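All chains, full assembly: derive it from the sequences and hints.
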Amino acid sequence: MKKILFLLIVFTGFQSILLAQSAISVNTSGQGDPILFLPGFATPGEVWEPVITQLPDYQSHTVTYAGFGGIAPVEMPWYNKLKIDLIEYVKNKQLKKLTIVGHSMGGNLALDLASSLPENVVKVLVVDALPCMREVMMPGVPVEALAYESPYNEQLLGMDEAAQSSYLDQMTKNMISNPQDQLQVKSWMMAADRKTFVYGYVDLLKLDSRPILSSIKAPVLLLVAGQPYGTEAIETMKKQYEQLPNKAFVLAKDSRHYVMLDQPEWFNQQLKALLSQ
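Counting in the numbering used here, the final residue of the sequence shown is number 277, and the numbers go up one at a time with none missing.
Quick caveat, the hints were computed from the structure, so don't treat them as lab data. Bear in mind that the values here come from a model prediction, so they are computed numbers and not experimental data. In this text, a Cβ means the ideal position worked out from N, Cα and C, and glycines have one as well. Please note: incorrect hints may appear among the correct ones.
What the hints assert, rightly or not - Per label pair, the in silico range of CB-to-CB distance:
| hint | residue 1 | residue 2 | range |
| --- | --- | --- | --- |
| 1 | Q277 | Q164 | 41 to 51 Å |
| 2 | A162 | F249 | 35 to 45 Å |
| 3 | N80 | P56 | 27 to 37 Å |
| 4 | T53 | M76 | 31 to 41 Å |
Structure, rendered in structure tokens:
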């Protein structure tokens with residue numbers, strides 16, 4: 001009987017650990033005012049390491065999301081879990097005078113945090129992130145039309161390694177200029193949990209951050225990739241961010257989507273200028 005009770009206690013404790021699993025993993029380094037680094041979709045926090053080495057006087061909190069970078073996946077819906085856990089992280093760590101740097105989907109999460117924690121967040125750098133990607137990529141498609149279960153998603157889930165490699169080759173070439181960086185990001189995506197990669201993207205397509213923009217008090221610097229769309233890209237961003245009160249746009253005219261990889265020195269200059277304000 002005692003053995004049975006012991007096993008029940010152990011099993012119950014194991015269930016509690018599973019239920020309490022965080023959707024984020026955070027690596028902390030350095031001392032000074034905090035900066036929260038949020039990567040884009042399917043990219044681990046490692047992508048920010050070259051940037052962090054240029055900021056010795058700040059405390060860096062570098063996030064990796066569940067399902068990516070070797071972090072165990074969590075159940076869907078996924079994006080909202082990321083947002084909730086990030087808000088709790090900032091609160092629990094009592095991060096004040098916080099600057100948030102977010103690339104792509106990380107930019108959306110940065111906006112969520114700035115809206116939810118106005119007393120903590122003092123500056124935001126958003127790197128090539130649309131508040132509502134669906135409106136640009138799938139104009140006229142209502143959010144209700146998007147579902148985890150679909151023929152296209154089933155095809156993505158069922159791809160063999162060769163098909164996945166070809167698919168990611170095309171994706172990374174569209175988003176990154178340097179072939180070496182393309183290979184690095186591709187390797188991260190190849191290693192991602194497949195279900196998170198496919199279903200998490202549905203969460204991202206459903207997302208519309210525009211309703212929260214007017215509530216954001218912190219100044220927001222928006223870096224916009226100029227390739228392949230040129231000045232049209234910044235006009236699209238201006239339209240989507242119309243309700244954001246305290247903003248500035250800078251066009252990275254020679255960069256694709258991963259601006260910090262395509263133009264690292266320029267990117268660091270923009271970030272340091274924001275931090276010094």
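Right, here's what the structure says about each hint:
Separation of Q277 from Q164 is about 43 Å and conforms to the stated range, judged on CB atoms against 41 to 51 Å. At roughly 41 Å, the beta carbons of A162 and F249 sit within the given window of 35 to 45 Å. Checked against the given bound of 27 to 37 Å, the beta carbons of N80 and P56, roughly 35 Å apart, stay inside it. One distance hint, 31 to 41 Å for the beta-carbon pair T53 and M76, holds here, with the actual separation near 35 Å.
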